[in-house]
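Trainee: Put chain V on the given structure of chain L with help from the hints.
2 protein chains.
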Amino acid sequence: MRLGLVLWGWRSRFLPALSLRGLKTAPSQPRALVYEQHGEPARVLKLKDVELAELGDSGVHVKMLAAPINPSDINMIQGTYALLPDLPAVGGNEGVGQVMEIGSHVTSVKPGDWVIPVDAGLGTWRTDAVFSEEALVKLPANTPLLCAATLCVNPCTAYRMLSDFEALRPGDSIIQNAANSGVGQAVIQIAAAMGLKTINVIRDRPNLQELVDRLTSLGADHIITEEMLRKPEMKDLFKKVPKPQLALNCVGGKSATEMLRHLQHKGTMVTYGGMAKQPVTVPVSTLIFKDVKLRGFWMTQWKRNQVHNKDSLTGMILKLCDLIHKGQLTAPACTKVPLKDYAIALEASMQPYTSTKHILVM
Amino acid sequence: MRLGLVLWGWRSRFLPALSLRGLKTAPSQPRALVYEQHGEPARVLKLKDVELAELGDSGVHVKMLAAPINPSDINMIQGTYALLPDLPAVGGNEGVGQVMEIGSHVTSVKPGDWVIPVDAGLGTWRTDAVFSEEALVKLPANTPLLCAATLCVNPCTAYRMLSDFEALRPGDSIIQNAANSGVGQAVIQIAAAMGLKTINVIRDRPNLQELVDRLTSLGADHIITEEMLRKPEMKDLFKKVPKPQLALNCVGGKSATEMLRHLQHKGTMVTYGGMAKQPVTVPVSTLIFKDVKLRGFWMTQWKRNQVHNKDSLTGMILKLCDLIHKGQLTAPACTKVPLKDYAIALEASMQPYTSTKHILVM
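For the protein sequence lines, the chains are L and V, in the order given.
In terms of the UniProt record's numbering, the first sequence opens at residue 1 and continues consecutively.
In terms of the UniProt record's numbering, the second sequence opens at residue 1 and continues consecutively.
Source of the hints: derived by calculation from the structure; they are not laboratory data.
Any given hint could be a false lead.
Since the list can't tell identical chains apart, any single copy or any two copies may satisfy a pair.
[Unchecked claim] As a list, the in silico DSSO-like pairs of lysine-lysine whose alpha-carbon atoms are at most 27 Å apart:
| hint | residue 1 | residue 2 |
| --- | --- | --- |
| 1 | 231 | 277 |
| 2 | 46 | 138 |
| 3 | 310 | 48 |
| 4 | 197 | 326 |
| 5 | 197 | 293 |
| 6 | 266 | 310 |
| 7 | 231 | 336 |
| 8 | 293 | 336 |
| 9 | 254 | 266 |
| 10 | 235 | 48 |
| 11 | 277 | 293 |
| 12 | 254 | 340 |
| 13 | 243 | 254 |
| 14 | 235 | 254 |
| 15 | 293 | 48 |
| 16 | 326 | 138 |
| 17 | 110 | 277 |
| 18 | 293 | 266 |
| 19 | 326 | 110 |
| 20 | 197 | 243 |
| 21 | 239 | 48 |
| 22 | 110 | 138 |
| 23 | 243 | 310 |
Remember, predicted model here, so these are calculated numbers, not experimental data.
Isolated chain L (complex conformation) (with noise of 0.2 Å):
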């Protein structure tokens, strides 16, 4: 830990940048929420005082400012996700710090720039790291706090489904179900200001109309139940809307089957989760005569597969700044909890049927 030269403090990103290479704030003991076996996370994860890395030439420190909990960031404690971290690890996929210093040979951020941590696995549930320059994509100026911490994975996932699997154009329509999961609700916003038409499919739930009336402020043009996807009356929506070319199935089982019912001949069905801890199952005709494509979606893996070219990447960021900028990119419903509060928040967002998400403020 370099005590002497990596200084940190506030999480005002209005810091003045004193050098070119560092800001100077009173220093303050960096921690972190770590674990060092898999398991419930509330058992296995502990707060503690950590040492920060060397800085070196292309080191990064950053200050974490906000850091959300994700599905995908419970299941990798939980040792159950596809990628899972060498221990003791630190917990959390995504957030968004505040550059104190920085290496000497370092580029593309300087001091006081916001950024955002790109590749999973590297731990943002902390008050401050040293990343790598490659790992940080900069934000705009005056990008909104919890816009910056929760863009890295939902917003991104969903302009990645609604851009790479289907040609899409102003007009045509898109069906998902989980459309009040984080992906759903940047799926609605990025494909009204796409132009598209969207078939919202959500469970049905005693507060249904608060839902209903939330999703349609998003810009939700079709909001249906589970038990309506299944009705022949879906037949009477197919009056006002052209079937979907793009399914987005976060859940399997029954609804990504009835999603395939219901969609275009040659059309995709993109599957990026499985809340219902089921397969999807494919009727054989629909392949054969419908030619309807079937393919899967891995946030991660999209952006593992740029790490020798950024620019795909940085230039997604920029495209979904300016929609938040517009204001047609909002962050989801967000409840914010201090990090030494995290067993409250680890509980709290792990409850069926949550429609808020928990940010950890460091």
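Mentor: Okay, now just chain V, sitting in the frame of chain L:
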């Protein structure tokens, strides 16, 4: 019927072409296997005297020589296929015939040529037909009768599936179930000619070794039963052969799911049949984390997509005929049955575990 102009006779392809527009042979009454309603083939099909359509300027009078009974022919008559002709209709969707007479505008075929009708639903179980020139592809001279009669569905399906979904290179491997089917046998041979390694899954049966020997003689590299496909010992196989990039699924159900397990990251499974009458079930993680693609293939649709440009189609037929002439692609085991004995052939072709294709000869 233009008996005065349209003359037909034997099935020999070496008949002298007595004029540029017609082969002269003794006339005989055209007959066809006609069905007026959907149902069990043995019940609804009748061998009837029929009238030939007018030749016109662009018609081609073809004397059919041989036409196989394929599973899709049966489904079409039963009314369960995705493509159903107007009734009454003539059974059969592929076969080979000889050109007897051509309309005055016809340029691509001449009397004496052997031709295959390339669109489905034209009805090939008959002695004579007038087809449009566009529906016919001319075969190279000396193509063996049984190869010619069975070229248009199964080898073409195999060729397209090996060509259109993954960029396969010599040494790569593919896996297929129903490896004993007509398509399966064509896949083995065409893949071997392409330098690909094949992993062939078949159902266990009393005369298993006999079938293994036959598929091996066609060029199959590895032959395993459905039961073996599920066993951990499969890992030993992959010490000898790379994991497949392409899986060809004609079965569905467990067999398809098991093939998916062994597919390479980013590989493709193409479904072209559903013999198990069960859907394809895909673990969500296979889609997301293995980035496996699921597609379908239907030869009939592919051919219809070429309607304005037959170059790909004729190019494929010529390539397949080239393989035939080099001895790299043979007809499946066939049993020839005279057209009048169609009921026997239909019954035999609908038996389970049938390993011979029944060919109606006219």
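Trainee: Cα distance capped at 27 Å. Does residue 293 pair with residue 266 within a copy, between copies, both, or neither?
Mentor: both (7 Å within a copy, 14 Å between copies)
Trainee: How do residue 293 and residue 336 come out at 27 Å by Cα distance, when the copy is not named: within, between, both, or neither?
Mentor: neither (40 Å within a copy, 39 Å between copies)
Trainee: Go through the copies and call it for residue 197 and residue 293: within, between, both or neither, with a Cα cutoff of 27 Å.
Mentor: both (20 Å within a copy, 26 Å between copies)
Trainee: What label fits residue 254 with residue 266 when the C-alpha limit is 27 Å: within, between, both, or neither?
Mentor: Intra 21 Å, inter 25 Å, cutoff 27 Å: intra and inter.
Trainee: With identical chains, the pair residue 243 and residue 254 could be close in the same copy or across copies; at 27 Å between alpha carbons, which is it: within, between, both, or neither?
Mentor: within (19 Å within a copy, 31 Å between copies)
Trainee: Taking 27 Å as the upper bound on the Cα-Cα distance, should residue 326 and residue 110 be classified as within, between, both, or neither?
Mentor: within (26 Å within a copy, 68 Å between copies)
Trainee: Given a CA cutoff of 27 Å, do residue 254 and residue 340 count as a within-copy pair, a between-copy pair, both, or neither?
Mentor: Close neither inside one copy (40 Å) nor across copies (49 Å); limit 27 Å.
Trainee: Indicate which option fits the pair residue 46, residue 138 if close means a Cα-Cα distance not exceeding 27 Å: within, between, both or neither.
Mentor: neither (30 Å within a copy, 76 Å between copies)
Trainee: Taking 27 Å as the upper bound on the Cα-Cα distance, should residue 293 and residue 48 be classified as within, between, both, or neither?
Mentor: Cα proximity of residue 293 and residue 48: none, with 47 Å in one copy and 43 Å across.
Trainee: 27 Å Cα cut-off: does residue 266 pair with residue 310 within a copy, between copies, both or neither?
Mentor: Classified as between; 22 Å across copies, 32 Å inside a copy.
Trainee: Treating 27 Å as the Cα threshold, decide for residue 235 and residue 254: within, between, both or neither.
Mentor: within (18 Å within a copy, 32 Å between copies)
Trainee: Could you place residue 277 and residue 293 in one of the four classes (within, between, both, neither) given a Cα distance threshold of 27 Å?
Mentor: both (21 Å within a copy, 20 Å between copies)
Violated hints, listed in ascending order, are 2, 3, 7, 8, 10, 12, 15, 17, 21 and 23; each of the other numbered hints is respected by the structure.
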